[in-house]
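There are 2 protein chains.
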Amino acid sequence: MTYTAPAAEQRFVLDVIADVPGLAALPPYANATPDMVDAILAESGKLASNVFAPLNAVGDKAGARLADGVVTLPPGFADAYGLYVAGGWAGLGVAEAHGGQGLPFAVAVAVQEQLTSANMAFALCMMLSQGAIEALAAHASPELQDRYLARLVSGEWTGTMNLTEPSAGSDVGALKTRAVPHADGSYRIKGTKIYITWGEHDAADNIVHLVLARLPDAPAGTKGISLFLCPKILPDGARNDLICTGLEHKLGIHASPTCTMSFGDNDNCVGYLVGAEGAGMRAMFTMMNNARVQVGLQGVAIAEAATQHAVAFARQRVQSAKFGGSREAVRIIDHADVRRTLMTCRALTEATRALVYLNAAAVDRGHAGDAAATGLADLLTPISKAWATDVGVEVASLALQVFGGMGYVEETGAAQFLRDARIAPIYEGTNGIQALDLVGRKLGMDGGTHWQELFAQIGDTLHDLNANAELAGLAPWLDDALTATRAATLWLAAANNADDVAAGATPYLRMMGLTLGGWLLAKQALAAQKQRDAGIGDAAFLAAKITTARFFAEQLLPQVGALSAPVTRGAATLFAISEATLAA
Amino acid sequence: MTYTAPAAEQRFVLDVIADVPGLAALPPYANATPDMVDAILAESGKLASNVFAPLNAVGDKAGARLADGVVTLPPGFADAYGLYVAGGWAGLGVAEAHGGQGLPFAVAVAVQEQLTSANMAFALCMMLSQGAIEALAAHASPELQDRYLARLVSGEWTGTMNLTEPSAGSDVGALKTRAVPHADGSYRIKGTKIYITWGEHDAADNIVHLVLARLPDAPAGTKGISLFLCPKILPDGARNDLICTGLEHKLGIHASPTCTMSFGDNDNCVGYLVGAEGAGMRAMFTMMNNARVQVGLQGVAIAEAATQHAVAFARQRVQSAKFGGSREAVRIIDHADVRRTLMTCRALTEATRALVYLNAAAVDRGHAGDAAATGLADLLTPISKAWATDVGVEVASLALQVFGGMGYVEETGAAQFLRDARIAPIYEGTNGIQALDLVGRKLGMDGGTHWQELFAQIGDTLHDLNANAELAGLAPWLDDALTATRAATLWLAAANNADDVAAGATPYLRMMGLTLGGWLLAKQALAAQKQRDAGIGDAAFLAAKITTARFFAEQLLPQVGALSAPVTRGAATLFAISEATLAA
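If you read the protein sequences in the order shown, they are chains A and B.
Each residue of the first sequence is one higher than the one before, counting from 1 in the UniProt record's numbering.
Each residue of the second sequence is one higher than the one before, counting from 1 in the UniProt record's numbering.
No lab work stands behind these hints: they were computed from the structure.
Any given hint could be a false lead.
The list cannot tell twin chains apart, which means a pair is met if one copy fits it or any two copies do.
Cut-off 25 Å, straight-line C-alpha distance, at most; resulting in silico cross-link-like pairs (BS3-like, lysine-lysine) [unchecked claim]: (1) K322 to K176; (2) K322 to K223; (3) K176 to K223.
Given the sequences, and given the hints that come with them, work out the whole structure.
And the structure:
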């Protein structure tokens with residue numbers, strides 16, 4: 001595959017939606033000057049295009065292989081990882097106090113988008129390490145930080161998250177892995193974890209496993225869970241008692257080793273407590289929230305890559321005369337139906353990108369002390385994760401369709417995007433879990449001020465659109481979407497039957513995603529118009545921004561209204577058919 | 001996988017929607033008595049469950065293999081094919097005059113649905129042979145029929161369709177394969193065909209290839225195309241000069257050999273003309289129309305199988321407490337969000353099944369001399385093909401999601417449904433081509449009488465609903481859908497810019513699919529109510545029919561209105577961004 005980083009688009013969204021210039025005015029992010037951001041995106045774009053992308057099909061075909069507890073990555077991956085480390089990319093978004101470059105999460109996310117577009121299976125490794133860095137930076141003792149954090153920030157070592165067990169998937173609180181205190185202050189860990197991404201591989205000298213486990217006297221459920229650091233290689237250079245016993249045979253992301261990890265087969269797996277006993281879930285959520293934003297980003301990244309791939313094909317493939325036109329065969333990009341597909345891909349990609357970058361910037365503002373921003377980030381996170389990953393699958397499938405029969409043949413590469421994309425709605429909390437998190441926890445937070453504030457901002461944009469001769473046509477579509485979404489929100493807030501709320505969760509999350517997407521594209525159209533009128537920037541790019549916002553408003557925003565009934569019809573019909581009849 | 005044929009549901013749809021009792025009153029279909037149909041569905045259900053289903057995962061894993069022009073099927077396939085032949089299944093829907101059992105296409109479709117649910121890759125072989133039988137029955141000389149038709153009807157030999165070439169996919173008229181007349185009245189064929197389904201295999205003694213080619217003096221485009229029969233083995237027992245030179249490495253249907261076929265490498269490939277010179281496309285369309293219905297059926301079949309699979313898992317998998325409930329973990333079928341997913345799967349499966357069976361029965365009525373029924377079948381065919389295959393992919397993906405992480409692991413089998421389903425929107429005319437066929441050809445046929453008649457029938461059902469205390473609640477949803485669809489139809493009929501019509505084609509087809517689906521489920525609800533009140537049939541099944549119709553009306557029909565704008569906004573926005581900017 002070839003991949004070209006959409007640096008102009010990324011920069012525009014970082015400026016207009018994430019307000020990185022505003023972030024750079026805050027003490028922690030002073031490094032994020034416009035020149036620095038441009039230089040970073042240009043360099044990471046090269047890494048993505050020249051190093052990661054050429055390995056994407058290689059990794060899919062060869063996959064990660066396991067023999068005797070040793071995982072061998074596909075050819076080229078270990079060397080590529082070396083280039084990533086040498087470039088200092090692992091510390092990009094890490095605070096300078098921890099040896100990083102102190103750039104905002106929003107900028108790190110833009111870089112990670114590029115790497116993920118180019119090679120999602122590989123970029124997962126980086127994503128997991130980022131999570132481990134975050135958890136250790138926030139919760140580990142200075143001693144543990146000294147020993148492990150610096151090597152993760154440099155990229156020399158990689159990190160993992162070990163939550164899932166065979167009977168504890170979405171229900172993390174059901175996990176059974178045990179941790180027993182040891183005389184030297186460490187613990188001995190025993191248990192089996194499954195679906196451990198990049199749990200074992202041959203590209204780094206050490207792997208820092210963060211493992212959720214229970215102390216012998218711990219209470220049931222999530223309150224009894226503590227977090228432990230189990231290094232693959234112990235400080236004295238000996239191998240810890242943990243091993244990869246299996247790799248999953250998956251639909252996609254073949255180059256990402258999805259490991260079954262066995263801890264303490266010989267009762268000698270050393271673990272170090274991270275944070276307080278019983279505070280494991282809280283520590284895990286620190287990293288999980290940002291990981292959810294990053295998984296949403298995977299949806300954006302695959303959508304971008306698949307769209308680029310399909311546009312390139314549509315520009316060169318000649319097939320059939322135009323509908324109702326002369327008999328001369330044209331390139332398929334000239335067919336209106338193919339254009340519709342490509343515009344849908346583009347609009348969804350840009351809308352989800354804006355949402356994820358906005359979310360990341362809210363995380364940054366929260367870290368800089370803005371409590372309202374943290375509330376916004378918390379509200380947006382399940383929407384970013386679920387809507388953007390659904391979009392990733394949808395766009396990958398639309399893009400595959402552009403190739404016709406060739407799309408179904410693996411060598412073309414379109415099918416890999418679909419296979420890779422399909423994991424993202426599942427892991428890091430299924431999209432159903434995200435929807436329940438949104439309606440059950442996030443809407444009601446702080447008395448609902450966060451969604452109220454968000455809707456007020458959409459109202460401001462509506463005001464700007466209505467006052468704008470060129471863009472006023474977007475307003476009715478966005479207004480209808482906002483009205484329907486607000487009504488659904490109020491219905492959920494007033495509902496007093498938990499099943500009814502749960503029944504509406506998934507369509508409600510989609511309403512929110514679409515409405516926010518339409519809003520963020522409209523904001524970009526307003527900004528593009530301003531830049532154009534001021535003679536700043538590339539005219540074609542700015543005109544396209546306005547067109548894409550219009551397309552999204554007219555063609556996709558109407559879906560919001562169609563989701564009102566699904567949100568508000570309650571659970572009765574869903575449970576009216578007995579399960580025996582459902583199975584018949 | 002386990003698969004249980006939904007015989008009660010199939011029988012209900014055959015009775016209520018396809019009106020098989022009415023068909024049995026027509027001379028060609030006198031054999032289709034209720035007892036006979038029940039016996040057939042019970043027997044084919046056993047074949048599907050006991051023979052086809054156990055080979056589904058086997059076939060996916062082993063795939064078809066090619067060496068030196070010989071294709072070896074996965075273990076067990078050749079024997080299973082023998083059982084299919086021994087059961088006389090190949091001739092089920094073939095007229096008695098040609099040695100078949102003379103049952104309606106609608107009944108044959110119900111059988112084919114079962115086989116496809118159990119093993120889509122394998123059932124494709126049967127589907128292709130049916131197409132070859134149809135083409136030869138309609139267009140071949142008595143001599144050719146004598147030599148080839150009987151062995152296809154018995155199932156001893158299988159058949160293929162050879163249309164596509166590297167530069168002639170959707171644009172069949174661009175094909176280059178040559179046919180030169182030979183002194184003995186036969187022809188010599190030379191050319192390469194790609195994507196030939198079941199083009200070579202080891203389960204039958206001979207393969208009857210139907211090949212589109214051009215005579216030396218033929219005009220350009222589709223008018224210059226003729227149809228030829230090229231047997232793998234010639235009447236004298238010698239091998240014909242045709243060979244499989246490659247197999248595609250595909251996303252799914254691995255057990256179905258997708259062949260590159262080389263005809264006449266030694267200038268000695270014997271072909272026999274089927275029908276008149278230059279009439280090849282017409283002959284091909286004979287089989288293609290029914291093949292399109294059968295591909296739509298693949299969407300139904302995969303949706304059914306994937307839904308069964310997900311329901312079975314949801315009934316046994318225990319994970320997490322109910323939202324807002326006590327802390328006790330429950331089976332995931334008790335979670336409202338999972339129920340929503342399963343109900344969506346069920347409603348979409350039943351709606352598309354009804355549409356495809358209705359379509360098949362209209363084909364039958366047309367064959368029996370009802371010209372209006374032929375018009376209806378022609379109108380419905382692109383909707384059946386495209387909407388049902390889109391639904392197949394959507395339901396397979398929803399069903400996969402129910403499994404969480406396990407859905408992404410190949411051993412579970414959920415991923416195979418998605419991979420297999422994904423071809424159906426592509427082959428036999430991409431869904432984009434179907435949409436253009438609908439708006440460009442089918443709507444305007446016979447002055448638009450066919451869609452007018454269809455909408456009038458929906459109006460009749462609305463009348464029945466409104467007069468029915470229990471079911472009147474369905475009417476407003478169906479009424480809104482019909483109103484929007486009618487308005488979109490009139491807009492398309494009045495549009496005088498071909499690009500605008502083409503731009504609206506895909507969302508319009510989806511409007512039609514959803515509206516027809518909601519209508520056909522409402523019709524079933526009315527019939528179920530009648531049976532229930534008369535004390536006929538299984539009460540739980542009939543109650544579920546009413547619930548499913550209500551779910552579809554309230555939850556899915558609102559999408560129709562959201563498609564009005566996409567249909568009617570025209571092409572301008574789609575082409576507003578230059579392709580260079582689109583690619584940037």
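How the hints compare with the structure:
{"no.": "1", "hint": "K322 to K176", "result": "between (62 Å within a copy, 21 Å between copies)"}
{"no.": "2", "hint": "K322 to K223", "result": "between (63 Å within a copy, 18 Å between copies)"}
{"no.": "3", "hint": "K176 to K223", "result": "within (13 Å within a copy, 71 Å between copies)"}
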